[in-house]
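Please model the entire structure based on the sequences and the hints provided.
Sequence order for the protein chains is A and B. Count the first sequence with our numbering and you get residues 1 to 539, in order. Count the second sequence with our numbering and you get residues 1 to 280, in order.
It should be emphasised that the hints constitute simulated quantities derived from the structure, not laboratory data. Keep in mind that the hints are not guaranteed to be accurate.
[Unchecked claim] Lysine to any residue pairs mimicking SDA-like chemistry, simulated, CA-CA at most 25 Å apart:
no.	chain 1	residue 1	chain 2	residue 2
1	A	K346	B	L41
2	B	K232	A	G323
3	B	K135	A	N419
4	B	K232	A	D48
5	B	K135	A	P378
6	B	K232	A	E397
7	A	K268	B	L45
8	A	K268	B	L41
9	A	K268	B	A42
10	A	K250	B	E240
11	A	K352	B	L43
12	A	K466	A	D341
13	A	K268	B	G55
14	A	K272	B	G47
15	A	K425	B	G131
16	A	K80	A	K511
17	B	K232	A	E271
18	B	K135	A	E397
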Amino acid sequence: MKFQKKSIVASLMLSAAIVGLAGCSTSDSSSKAESEQQDVLTVAWPRDVAEMNPHVYNPSQMFAQTMVYEPLVGYGEDGKLVPMLAKSWDISKDGKTYTFHLRSDAKFSDGSELTADVVKRNFDEVLRQTTENGTHAWLTVLTKIKTVNVVDDATLKMTLTEPYYATLQELAVARPVRILGDAGFPKDDDTSKGVKEAVGTGPWVLKDYKADDYAIYERNEHYWGTKPDVKEIKVKVIPDAETTAMALEKGDIDLIIGEGAVSTETFKELEKDDNLETQISEPYATRQLVMNTTRETLSDVRVREALAMSFDKATMVDSVTAGMEETADHVLATNMPYTKDVAAQKAAYDPKKAATLLDEAGWKLNASGTAREKDGKPLEIEMMYVSADTIQKTMAEAMQSEWAAIGIKVNLVSEELANQVKRFKGDDFDINLFSNYGTPYDPHTFVNIVASEGFGYHTTMASYDKQQALNKEIKRALTSTDEKKRQALYTDILTQIQEQYSIVPISYINKIAVYQHDVEGLQFAPNRDEHSFTGIKLK
Amino acid sequence: MRTFIKQHKLLTFYSVLVLLLFVVTLLAPWLAPNNPTTVNLALKLQGPSAQYPLGTDHLGRCVLSRLLIGMQASLGSAAFIFVCALSIGLMAGTIAGYFGGWIDYVLMRICETMMAFPNLLLVIGLVGMFGPGLKQVVLALILVQWVYYARIFRGMVLSLKTENYVKVARINGSSSFKIIRKHIVPNIMPPLLVMSTLEMGWSIMNISSMSFLGLGVQAPTPEWGMMILEGKSFVRTNIELMLYPGLCIMLVVIIFNLLGESLASLFGVKKQALKGKEGL
Numbered sequence: 001m002k003f004q005k006k007s008i009v010a011s012l013m014l015s016a017a018i019v020g021l022a023g024c025s026t027s028d029s030s031s032k033a034e035s036e037q038q039d040v041l042t043v044a045w046p047r048d049v050a051e052m053n054p055h056v057y058n059p060s061q062m063f064a065q066t067m068v069y070e071p072l073v074g075y076g077e078d079g080k081l082v083p084m085l086a087k088s089w090d091i092s093k094d095g096k097t098y099t100f101h102l103r104s105d106a107k108f109s110d111g112s113e114l115t116a117d118v119v120k121r122n123f124d125e126v127l128r129q130t131t132e133n134g135t136h137a138w139l140t141v142l143t144k145i146k147t148v149n150v151v152d153d154a155t156l157k158m159t160l161t162e163p164y165y166a167t168l169q170e171l172a173v174a175r176p177v178r179i180l181g182d183a184g185f186p187k188d189d190d191t192s193k194g195v196k197e198a199v200g201t202g203p204w205v206l207k208d209y210k211a212d213d214y215a216i217y218e219r220n221e222h223y224w225g226t227k228p229d230v231k232e233i234k235v236k237v238i239p240d241a242e243t244t245a246m247a248l249e250k251g252d253i254d255l256i257i258g259e260g261a262v263s264t265e266t267f268k269e270l271e272k273d274d275n276l277e278t279q280i281s282e283p284y285a286t287r288q289l290v291m292n293t294t295r296e297t298l299s300d301v302r303v304r305e306a307l308a309m310s311f312d313k314a315t316m317v318d319s320v321t322a323g324m325e326e327t328a329d330h331v332l333a334t335n336m337p338y339t340k341d342v343a344a345q346k347a348a349y350d351p352k353k354a355a356t357l358l359d360e361a362g363w364k365l366n367a368s369g370t371a372r373e374k375d376g377k378p379l380e381i382e383m384m385y386v387s388a389d390t391i392q393k394t395m396a397e398a399m400q401s402e403w404a405a406i407g408i409k410v411n412l413v414s415e416e417l418a419n420q421v422k423r424f425k426g427d428d429f430d431i432n433l434f435s436n437y438g439t440p441y442d443p444h445t446f447v448n449i450v451a452s453e454g455f456g457y458h459t460t461m462a463s464y465d466k467q468q469a470l471n472k473e474i475k476r477a478l479t480s481t482d483e484k485k486r487q488a489l490y491t492d493i494l495t496q497i498q499e500q501y502s503i504v505p506i507s508y509i510n511k512i513a514v515y516q517h518d519v520e521g522l523q524f525a526p527n528r529d530e531h532s533f534t535g536i537k538l539k
Numbered sequence: 001m002r003t004f005i006k007q008h009k010l011l012t013f014y015s016v017l018v019l020l021l022f023v024v025t026l027l028a029p030w031l032a033p034n035n036p037t038t039v040n041l042a043l044k045l046q047g048p049s050a051q052y053p054l055g056t057d058h059l060g061r062c063v064l065s066r067l068l069i070g071m072q073a074s075l076g077s078a079a080f081i082f083v084c085a086l087s088i089g090l091m092a093g094t095i096a097g098y099f100g101g102w103i104d105y106v107l108m109r110i111c112e113t114m115m116a117f118p119n120l121l122l123v124i125g126l127v128g129m130f131g132p133g134l135k136q137v138v139l140a141l142i143l144v145q146w147v148y149y150a151r152i153f154r155g156m157v158l159s160l161k162t163e164n165y166v167k168v169a170r171i172n173g174s175s176s177f178k179i180i181r182k183h184i185v186p187n188i189m190p191p192l193l194v195m196s197t198l199e200m201g202w203s204i205m206n207i208s209s210m211s212f213l214g215l216g217v218q219a220p221t222p223e224w225g226m227m228i229l230e231g232k233s234f235v236r237t238n239i240e241l242m243l244y245p246g247l248c249i250m251l252v253v254i255i256f257n258l259l260g261e262s263l264a265s266l267f268g269v270k271k272q273a274l275k276g277k278e279g280l
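Structure below.
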């Protein structure tokens with residue numbers, strides 16, 4: 001009877017798993033000891049932090065890398081650049097030479113000094129990896145650096161092949177331009193194979209680590225900035241969002257932080273809990289409908305405009321995110337640099353007008369009155385979204401239903417993230433439910449990929465009669481050395497992009513934080529990829 | 001007939017239940033009180049009412065209607081997978097068992113290679129190659145399933161081949177095809193029936209698992225596994241959204257298993273004969 005019992009047991013298990021999410025918070029006996037130990041902040045994170053190497057990508061977690069390693073320049077509020085390891089910098093008139101004056105009080109966690117030599121060693125290695133196998137070529141500045149020279153112990157000079165205004169913004173990103181100490185370099189300096197020791201200048205040092213279980217970071221006693229108040233941070237790996245929420249309620253963890261760290265419904269519930277505090281951040285990026293205008297159906301701006309105005313965006317966003325996300329009418333959130341003068345996209349909810357637009361475009365309702373056709377061809381569009389993202393899925397279904405009401409048939413396809421990106425890169429999509437990179441990458445990365453082939457964004461402008469002129473304008477904005485001119489160019493570029501209705505903003509992605517009462521001073525980092533723990537105090 | 005029912009009360013009961021399941025599946029579009037894909041955000045997460053007997057989900061869609069229509073994807077596809085996998089398996093197994101030699105060798109090595117991988121992993125891998133969607137999942141499940149049938153039928157054919165009546169038939173000059181048709185296939189029918197009912201549960205679980213992972217049925221088509229996925233975010237506030245589809249899967253799988261059990265005792269099929277196949 002073994003065979004059959006197994007199936008029954010399996011089916012029981014499945015249903016038990018549904019109910020049993022409650023039971024599987026991964027608590028351990030040490031939780032009590034932790035609560036007694038006042039100066040340990042326990043943070044939940046869904047994935048293992050992985051290798052502490054400033055020059056590598058996934059599975060290394062960016063927030064963890066940025067706890068240990070620092071850049072020359074940091075990304076501050078509203079995109080203002082702030083001094084980090086470089087206390088100041090000069091830019092030559094032609095915009096091609098950057099001179100960085102390093103901080104004299106910065107030390108690595110092993111006590112060694114920050115020198116221009118070690119910074120150069122980092123740049124040399126990252127540039128070597130970029131030229132040899134293109135690993136970091138996505139970061140434009142790395143393809144434009146001609147030389148990096150040591151002037152003296154505390155001065156570093158970087159020359160570019162052509163002026164690129166976003167140089168400093170791009171040096172602020174989470175990886176791979178953060179600085180590793182001398183002791184961390186392996187024999188042949190090839191950090192892509194791993195680092196010897198995780199030595200950085202950041203406020204935290206990795207103390208203990210168990211894969212897929214936890215990582216403990218200890219305060220860096222050599223830190224140059226304001227030293228953190230908390231002695232240790234324990235990052236506990238809990239993959240499931242609901243389990244994380246329950247662990248927080250039980251008191252096993254102190255803080256949940258991140259984008260969609262818990263589901264919207266759970267967040268609402270936790271907000272009601274008197275023992276917990278919640279915070280929602282400013283926007284970091286924009287959820288967007290990205291339309292491929294090389295497709296015949298979507299090449300007509302009237303069809304795109306009709307799509308944009310035929311779903312009740314405000315109600316949908318409010319309902320799906322339970323008020324957690326704000327409705328977006330700008331392709332790029334206005335807290336990003338150079339975006340403040342751009343007017344909102346004019347696509348107010350008006351299904352009747354949308355229907356008229358479709359009629360004008362030649363897509364008439366067929367005999368049954370439920371679908372639209374043009375020359376016998378049905379109006380049918382495919383939209384892809386990430387299979388694991390429930391907010392995307394719910395939004396997609398809500399929009400699909402409203403589009404169906406005016407006769408637009410949209411087929412939903414859920415893709416795994418890797419596959420979605422692959423299809424997007426290959427221009428193999430109709431509509432992609434996507435989002436821009438956000439801070440600190442935008443607006444320059446966004447306009448750059450709109451203007452260059454290789455990533456699906458360029459297809460949004462394919463049907464625009466002024467595409468060539470727009471691309472030239474984007475190129476000018478990126479290389480211009482005049483702040484005012486650049487601002488005017490950006491306003492014009494973003495306005496043109498919005499008027500094409502091929503990128504339709506939906507809502508702003510933000511981070512949420514839920515934490516125990518005794519956690520004080522939590523602030524969201526302006527950089528999307530970082531979490532700031534330095535200001536936190538435990539009562 | 002009446003005595004049969006009297007003697008096999010449980011078997012009859014389970015058979016009626018299974019029959020009922022199929023009838024409900026077929027009639028689902030007429031039984032569903034509402035359109036299962038109509039979104040109405042103003043009516044989301046409502047409790048049971050006359051209009052919505054089991055309430056509404058997070059998009060204001062009728063849960064009962066979604067459960068009913070969802071049955072078509074689950075039960076219908078499971079039946080289809082079973083028929084296809086069985087046909088291929090029966091053919092391959094019988095040929096391999098009866099003729100032996102290099103055909104047997106090649107077929108069995110293929111089977112062993114496929115059986116070396118965990119089922120679910122193989123299905124996920126195949127769906128990754130084919131792309132997400134119900135059709136792709138069904139195809140992947142068929143490809144994974146048939147090898148088990150093939151192994152079992154090969155074993156049965158091998159043992160039947162040594163039976164005296166088969167030997168006699170062969171001495172009498174019957175063709176291989178005739179022997180397979182007249183003597184082999186009828187004899188593997190009873191275990192086949194038992195397996196079929198047991199395998200239905202396996203297929204339903206797998207389709208639901210794939211949809212739960214977002215790889216199976218594509219939104220907004222309702223399916224039980226996907227409904228569990230959708231309900232997962234609401235486990236604190238509206239646990240019934242997960243509970244209903246979960247219970248449906250459980251009930252259906254159990255009914256098929258119980259029927260399989262009764263059939264097994266009726267035919268006196270020893271489960272060991274089927275041990276080439278793991279339950280999950």
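Hint check:
| no. | hint | in the structure |
| --- | --- | --- |
| 1 | A:K346 to B:L41 | holds (24 Å) |
| 2 | B:K232 to A:G323 | holds (19 Å) |
| 3 | B:K135 to A:N419 | holds (18 Å) |
| 4 | B:K232 to A:D48 | holds (23 Å) |
| 5 | B:K135 to A:P378 | holds (23 Å) |
| 6 | B:K232 to A:E397 | holds (17 Å) |
| 7 | A:K268 to B:L45 | holds (14 Å) |
| 8 | A:K268 to B:L41 | holds (17 Å) |
| 9 | A:K268 to B:A42 | holds (18 Å) |
| 10 | A:K250 to B:E240 | holds (24 Å) |
| 11 | A:K352 to B:L43 | holds (23 Å) |
| 12 | A:K466 to A:D341 | holds (21 Å) |
| 13 | A:K268 to B:G55 | holds (21 Å) |
| 14 | A:K272 to B:G47 | holds (21 Å) |
| 15 | A:K425 to B:G131 | holds (17 Å) |
| 16 | A:K80 to A:K511 | holds (20 Å) |
| 17 | B:K232 to A:E271 | holds (19 Å) |
| 18 | B:K135 to A:E397 | holds (20 Å) |
Violated hints are absent here; each numbered hint is respected by the structure.
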